[in-house]
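Student: Protein chains in written order, with this note's numbering: chain E, 1 to 78; chain S, 1001 to 1078; chain F, 2001 to 2152; chain X, 3001 to 3152.
Quick caveat, the hints were computed from the structure, so don't treat them as lab data. All values reported here derive from a predicted model rather than from experimental measurement. Don't take each hint at face value.
To be verified - Covered stretches of chain X, as calculated for chain E (at least 3 residues, CB under 8 Å): (1) 3051–3065; (2) 3070–3081; (3) 3111–3121.
Glycine included, every Cβ here is placed at the ideal spot set by N, Cα and C.
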Amino acid sequence: MNVTVRVFASYADALGADRATVTVPDPATVGAVRTAIAALSPKLPPRPIIAVNEEYATDDVPISPGDEVAVIPPVAGG
Amino acid sequence: MNVTVRVFASYADALGADRATVTVPDPATVGAVRTAIAALSPKLPPRPIIAVNEEYATDDVPISPGDEVAVIPPVAGG
Amino acid sequence: MSRSGIVAAPIDVAAITDEVRDPHTGAVATFLGTVRDSSDSRTVTGLEYSAYTGMAEREMQAIVREAIAIAPGVRIVAVHRVGNLAVGEVCVMIAAAHAHRGPAFDACRYAIEEIKKRVPIWKREHYSDGSSEWVNACAPDAHAPHPEDAHA
Amino acid sequence: MSRSGIVAAPIDVAAITDEVRDPHTGAVATFLGTVRDSSDSRTVTGLEYSAYTGMAEREMQAIVREAIAIAPGVRIVAVHRVGNLAVGEVCVMIAAAHAHRGPAFDACRYAIEEIKKRVPIWKREHYSDGSSEWVNACAPDAHAPHPEDAHA
């Protein structure tokens, strides 16, 4: 399954884009997407934080077509 | 020694005045003034808080002529 | 630039907040005390604060010094109003600015707790039935500061 | 009346303070985060905040709900600004009003701590030498929220 992931801030700079598409085995999970995203650039950490449908998600969360998936750099608000 | 004491808020209402004069043995102390002030009205507590020269004072603090002495009702700022 | 005071005029919240703000201090904690419309289920129509002004100003200054000792580098302003206040008006304000939010909060919280404990200010509540009462006056010892602890 | 938001316009501190004030709530605690002029001894000329807006607004709303659970009855507003900010400008504000000062402070403090931990907002600092950097980006795991704890 192809999963398109939104990318922000320093990770967007590292990838040179604000979206990236990765291919993972079916059924897709956050854990598989996380590993695939990390492999896109040595500037990304080995286990970047993932959000699905605007919520932080753990490795076991399934990803379905239409879900909004994002990779979240370390936050720095405030 | 006669000691004139400033009186505030509920204590001023109780005494009907914002100053009161008490007579205490020489050498005057806060402890003696406190007891004498309390005796002026049953509406005052037995051991009202005393300040000397704008600082809270314990019973052993001596009082000299010219010192500013005050009796401090329970505070209610804020 | 830290300061404190007993004031008769309305407290200008925006001006005091701006007074402590500074390009070096990224965190500002403030506290406002405002006049509530009820007290022990009685309807309050207004308050009257009176102070032993000279001593109240000294205690406020001491509290500000102590807050700076707790949070070195803090910029803090603490003011308490006296006179007649309507429901909703600000009776006390503390603003504390620091490079870090922890010390800003600590200084602000310390100041309001100590002001309520030690500063010789008294509050008379006016009620909707026309009566009025000094707050705390019925329990004279319960809330009094302990002179021994006043500067601890 | 509690609310939260990610905003592009300057934060109106006085308006938000007045928004939580109420005749029933005698205590208002506020926190302002402002842009500092230095970071790790480098001179900062300005900041750029960007957000994953939809998720940031959800997290802010969740934080406000949690603050109300911690301090029932609190009226709280939490806003975070995005876009380009100059030194001294307010980037985040929380205002919490309650009948008592303890819950007002607790709600305010909780909200800023959680905002800094969880809300997907990023900050790029611009320096006097013309360079710029994403803050925290060099230590990717150190400050990341733990998804398992995000709603604890």
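Student: Which earlier hints turn out false for this structure, listed by number in ascending order?
Tutor: 2
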